[in-house]
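Engineer: Chain residues, written in single-letter form:
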Amino acid sequence: MTQKNRLQDGGRIDRSKALTFTYNGKKYTGFEGDTLASALLANGVDIIGRSFKYSRPRGIVAAGAEEPNAIMQVGATEATQIPNVRATQQSLYGGLVAGSTNGWPSVDNDMMGLVGKVGGKMMPPGFYYKTFMYPKSMWETYESFIRKAAGLGRAPKENDPDIYDKMNQHCDVIIVGAGPAGLAAALTAARAGARVIIADEQNEFGGSLLSSTELLDGKPAAEWVADVVKELSTYDDVLMLPNSQVNGYHDHNFLTIQQHCTDQFADRAPNGQVAQRYHRVRAKWVVLATGAHERPLVYGNNDVPGCMVANAVSTYINRYGVVPGKNLVLMTSNNNAYRTALDWHDAGRNVVAIVDSRKNPQGTFVDAARERGISIMVGSGVIEAHGSKRVTGVSIAPLNDAGDAVVGPIIKMAADTVASSGGWSPVIHLSCHTGSRPVWNDDILGFVPGTTYQKQLTAGAINGSFTTEQALAEGVSAAADALTHLGMTKKDVVLPKAETIEEGKAMALFHIPHTKPTSKAPKQFVDYQNDVTASGIELACREGFESIEHVKRYTAMGFGTDQGKLGNINGMAIAAKMLNQTIPQTGTTIFRPNYTPVTFGAIAGRDCGALFDPERYTAMHAWHVERGAKFEDVGQWKRPWYYPQGNETMQQALDRECLATRKSVGILDASTLGKIDIQGKDAREFLGRVYTNAWAKLPVGKCRYGLMCGEDGMVFDDGVTSCLAENHFLMTTTSGGAARVLSWLEIYHQTEWPELEVFFTSVTDHWSTMTISGPNSRKLLEKLTDYDVSKENMAFMDWKPMTVAGVPARVFRISFTGELSFEINVQANYGMHVWKALFEHGEEFNLTPYGTETMHILRAEKGFIIAGQDTDGSVHPFDLGMSWAVSMQKPFSFIGKRGMQREDCVRENRKQLVGLKTIDPKAVLPEGAQGVLDPKAPIPMPMVGHVTSSYWSANLNRSVAMGFVKGGLDKMGERVFYPLADGRVIEAEICSPVFLDPKGERQNV
Amino acid sequence: MFHIYCPHCCEYREEEEFHAAGQSHIARPLDPDACTDKEWGEFMYFRANPRGIHHELWVHAAGCRKYFNVTRDTQTYEINEVYKVGEQPTVVANAIQSK
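Chains as they are written, first to last, in UniProt numbering: chain F, 1 to 1005; chain B, 1 to 99.
You may find that some hints are simply not true.
[Unchecked claim] Heads up, simulated BS3-like pairs for lysine-lysine below, C-alpha to C-alpha not over 25 Å straight-line:
1) F:Lys326 with F:Lys389
2) F:Lys890 with B:Lys38
3) F:Lys791 with F:Lys697
4) F:Lys412 with F:Lys359
5) F:Lys890 with F:Lys702
6) B:Lys38 with F:Lys897
7) F:Lys936 with F:Lys966
8) F:Lys936 with F:Lys922
9) B:Lys84 with B:Lys66
10) F:Lys911 with B:Lys38
11) F:Lys326 with F:Lys412
12) F:Lys681 with B:Lys66
Treat the hints as calculated values from the structure; they're not laboratory data.
Chain B with its partners taken away, still in its complex shape (with noise of 0.2 Å):
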């Protein structure tokens, strides 16, 4: 069970508090119209499934109802950093494997 550090509340929590909300920095096109129904599956559907480094975005469900985003290791499920939805992460894939 994760123990994770809400950006918000600044503290951490017991995951039971959060909710996982899928894939961090899935824009949603700002012309959805113009769209072709290729690119409009892409942005609903088509998400990354990486071993390794990944970006989250999770919700503190039963805290300050704030969405924010969690780079964790989907290995070792170590959560490298998290920061606000707005903000972009500082640990990425390459970063890593070039440590």
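Next comes chain F alone, as it looks inside the complex (with noise of 0.2 Å):
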């Protein structure tokens, strides 16, 4: 392929270093230096998408990140792909594949084109609200049509193999942007010895400057670029960052830029390298030196491809050699534009027409237009573009003194290329974020950021000030402003002298109006990306559209990954007008991060795969690994479910660990309870407070259960509690409730009771902790220690001190299997070794190891409960049958005894816990059914209550379950029902949820 718009020199591509790349299957070839957008225009690529709701083919408008059209789809395989690419972004490298977003079968012939043309008029604003609401049941095959025709681009199908990455920045100045303003910015924040961050989306600094013919102290004006990026570079605590998107400005000078490391010139990022990088940075100063983007006029048929904003097409000529047309016609409102045709002209090639709107241009760019023989229509607006695939030529048509009508006779003249200008519109996206309403500039017909409480100066096209010489200058000041909040001292900073340019004064004018009223005229594009027309935003103002934010809703203007940046204006123009209001009065609606599509893996960076959340492992987790064990996350613990041996299946290794323990002696890793060392003279009192149960008379060496509840008197956490000294206990929590339970400790201590003396620390992972259970436990235990664990030295709800295996330990007769059980606590580096040795010995025993699944089976045959599982933070101890957990008469009145006494909470039939034994021993109820006291009722039932615990019990041989039912602790014997989705009815007697050993005399040994 040959690059037929290519010039033969100028530009800052290098033409020795070819590169080839695909796009949409064929491939071209494009140099270094060139964006993609720039490499597809040099071939002569017209069309690069299809729009949104039309379908319309649609060409490159612009040459940076307003580019509306060009979004592509790259990646060369389907590990890599990225969508949402603007094509004006994305450096082109060697093995560049990319593809449009939409049109189907291709971009070119594409079918909903069709049904773009029929149906124009079937698909207003308001269409997708209107059309797409019933019947209801459709609405997801609607939605899957609409994404498809929509060309949002797609997510990769397979894992992204590269490598992104996150870094907390901070410092004294952050510039955002590297034009003539960000640069003067940068080097004087830079001489005074600040710490500064200067990011720009381009892949080299010196913005406008890049791709203007302006003169600088008469020299080039990326020489002075060069020079100052020079200087910028020997400063250490300068940090230059190029291909850079600052993206999204957050609360107290938080700003969050994506980084392009290698994506720009790679599909894959060399081995070990970063493909991009996510900068969180907080900056103590802001200078937002955006710049501005410049406004397209909106007319009939202005989406043709090879209509464009006439900066983009002066870019495309001067900084990548690229005229993207032969035969152009300029429209403009303002001097400023006037360069356009003038670097097209100097490209060689034809000027058909400068259509100006206002009567009686003059000044600097108009004189040299002149010079040229240039031919300029005054008073004239190009009513239309002519053309489908690429325009063919124009109507231009005299208009009146507002702009608003058309005045005379209609000439036909052909060309390929249209460019436009409006205006420029300031780059206030980011000023937005944090909330920062803008205002309406008159002299420059834009908004410029308004008042923020941020830390936040600007400086350049961000405040309307467009040329070069008050962009230096307000670089300067700006910069000179923060180191003055800073307490810095500024040093000299000479700035070179910008030409003099006489600039004529620019007519307030958006929308050029058509022969024919708006609603009939060919279409009048406004937000190229989304599909929103002149027509559709005064139809939205006629159907009762009044607030701008509504019909940006309504219409969808300045949605999506485009955020209104050309259109926004010209579509609050347009409404203004139908409204018969100033812009002003109309306002403007403002713009949220992100300022362009971000990668999700810049934002993961490294936290995917195994480092997407801590796992906390126990001092035996090699053991249980090498033991087979299935896990369960708990928290972000990893706790041994079940450990499976050979071929069984979990039920099965269920019934073993069970039978085993209940039979002889099973082992626990328990290391995961929340363990709390609480200290302090005032300690017993603290705990009367937070539990519901009296703790005044708890002796040393002693344990006690206890319930925790909120001001409301909902049980959140229980536990154990042991006396460890007179002033020292240690608190057992739920393993996931260790981190709520601290805190909560926290919050009361140091808030409501202060003068109490007590100390919370964290020790859960000071201690490794391993659950002997069972009726050989003591035998086993006494294998390991010479201390005397007997009946009588060692009772239930005691702890001794001894030594386990020859290490010291903190032993607990406590027990949540309702066997004789020991819970042995060792300093966590020990944890290995004594386990270690207790299945050394332990193999007389046939010492089995259980996971958290059979402890819930143990436990809930003796109708233990678990806070979390069986308790949902709508029920009380009574609820629980637990009133013997709770201490009325305590002299202080404990968090929840206020709120469990409130009148819902001590009404009749409120649900209650109790046991659930269904008639068929072999029915496992399952987890969460509902319960109905009369199956046969008409539906919707009335429901009683759910089941919360569900087991089957090989000890028991049938199942077992717990649930609540209302009124079910004074329903004992009587019937509940359980009917399911599969059909089944399930009956079940109401009783105790003690279903083994009712009298506690297995743990009492």
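Fit the two chains together into the complex; they arrive one by one in their own frames, and the hints show the way.
Structural biologist: Put into structure tokens, the structure is as follows:
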């Protein structure tokens, strides 16, 4: 393929480095220094996509982040697919593979285009709301159709092989944008010794200076840029980030930057390199030097490929050596855009005409055009472009003074390119991210940043200061302001002399009238990406949408990845006119992060795969793995769930573990239990306030079970707390609740009862905890300790310090299985040693490791609750039948006491936790099943409560279950029915939740 | 993302280190048993939702674990001051309005 639109010389591209790339399956060649967009234009590719709603052919319109049409799917392999890449921001590299994100079967011949042509009238604004509402059942069908048609790109189906990274940064001043204002600011701040970050979305610094023919100090502006970049790179405290889009400006001067590291030159990051890096910057001061985007004018068929923004045309000529056509018509309302005609002419191509909406344009560039003999048609506008896949000509007509009516005959002219300019819109997006509302500036016909609470300064075109001279000066003064705030001293900065340009007054013009009314004229596009037209906005206003925010949502203007970069002001101007208001009265919608789409890779960084979430292991984890345990996630803990042997099913393994424990002895790794060390002379008083039961008389050496409630009286955690010494306790919590309980204790201590002398320390990880449970557990423990662990010396609910397997241990005689049990706690780094020692001596007792599932079954056989499974934040201790754990007589009104006495908490017929004995002993109720008292009641049946715990019990050779039943504690022996989704109805008898050993004889031996 | 000064660590730290713990200055009634259901319900559930100055309790969860108060503007997200538990705010809604 030849690059038919490429100039012989000029531009910032390296013609000695040809790069081959693939677009929509065809191979093309570009040069190093190109963007994907400039390379496509060089090759004469006109159509780069199909529009969102009408599926009209679209071409490249702009040259930067504001490009609405050239949204590409990039990626050579399935795993490296990136959707929503702007061709104007993607550097070209050899082997780049890109494709249009929409258009079927191809962008050149699109089936939807027919729908757009035929159905244009059928797709007014609000189309989706109006059409796809009914019937509701069809929504899923509609949605997939819309998504396919809309061409929003697609996510890769395979894992991204690249590495992404995140970096936290701190600086004195961050400068967003490295155009003339940004570079001047950076130079000023850097010379003063400030820590500076300067970021720019483009592959090299310079901004507008890179694509301008302007001279600074009589030399090409790019030379000054090179000097500044060279100087900046000598400062250690200056971080220069090209290819880096500042995408979000968040509270308290927190900014996020997406830096393209290798995906600007390679499909996959070369070995070991980071593809993209996400910088999270906390800046003391922010200087926004984000520049401005040129506004296209709105005219008929202004979306035909070949219709472009004026300055973009200049950029392609001056920076990339690409003239995207042969015959140009330029339409403008201002002097600045004349430069495009000059550039086009100077590149040796034909300028058909400059169409100026003003009657009497004057100024430097106007004179220059006249000198070149370019025809200027004043007081006129291009009312319509002709052509479908490429502009073939234009209709030009004289306009009235206000620019809102055609007042003379139409002249048709042949042309292949229409460049238009309605002036410049400051890029205020970032300044809006923190909630600051922009204000209208009549002098520049645009919105500029409003007041902000951030430490934010602005410089250059973002303020409407469009000349290079102004931009340079404001860059220096913004940095000087920042330095003053930072208490730093500014050093001299001598600015280069910019050319003096005489600018004439611009005309406020947004929407070019047609001979036909807007609704009947050829489509005049305002927002290309969302296919919003002038007539659509007018219709929205006629239908009663008056707030610009509502107009936006009804028409979709400024939605999605576009965020209204090109079209917003034009749209607001059209709405304002319809509503007979000024633009400032109409107001503007504001912009939200992110400025351009950010890849998930950049956001995730390294926090994926094994590093997605921390995993916590106990000291015995390796043993569990070796033993083939299946694991369960409990909070961040990996806990053994069960230990299958051979080809055992899960149920077979559970049955074996349950039987072995009750028959002889089992062992559980209970290290994950939350453990909080509580010390201080008021520790005991404190426990009495946060637990529902009494703690005043618990002697040293004893343990006690306690329930913890919220102020509403509802149970939220439970556990055993032991008295280690008079002013020293060890509290245990549920594995998942440890952090919450600790902060609960802290908040009460710090905010309500600071007078109590008590200290809390999390010691969960300090201890390894292994519970041996079963009739032979004492015999096993005796093998490892000389301490007297007999019933006489160590009763139920005692704890004793002793030596186990040669290491100091705290052993608690508490039980969650109902069996004789010892909970052995040793320093965590001895855990594995003691665990293995237990197994060395456990063989003769068939010591069986069991996991959380067997623990659940064994405790359910005994009717012990698990906070969070058998409670859900809506049950108090009395609902659980645990009045024995509440002491209403305590002098201090403990947390939960008042709450559980509220009217609703003491009423009749609350849901209460009871045992559920299925009539068919083999039937296991599903947890969560809803109970009814009359299975023949008409649907919806009155539901009386749900099953909370349910298991097959090998020990009892039947199912066991607990659940809530309204008034259940008074319904012992009555029946409750569980109709299931599969049609079965399981019948159960309400009973005590204690299915095994109701007298507790097994644990008191 | 907020940048919060911890009055106990005496440093600005990132919001990720902190947790918000609701409205400040909600005192637990000294004699809960003397409260009516309505009074107790108000203590438990009713919270201000102002547009503007708000006093909030925060905890330096991944730092010193201390709770402290923050006066924050819910509209601008400006943090006007931080102060320790037991202290009173100096920036209050009326003072701001009269500025």
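Engineer: Return the numbers of the hints above that this structure violates; sort them in rising order.
Structural biologist: Nothing - there is no hint that the structure violates, so all of them hold.
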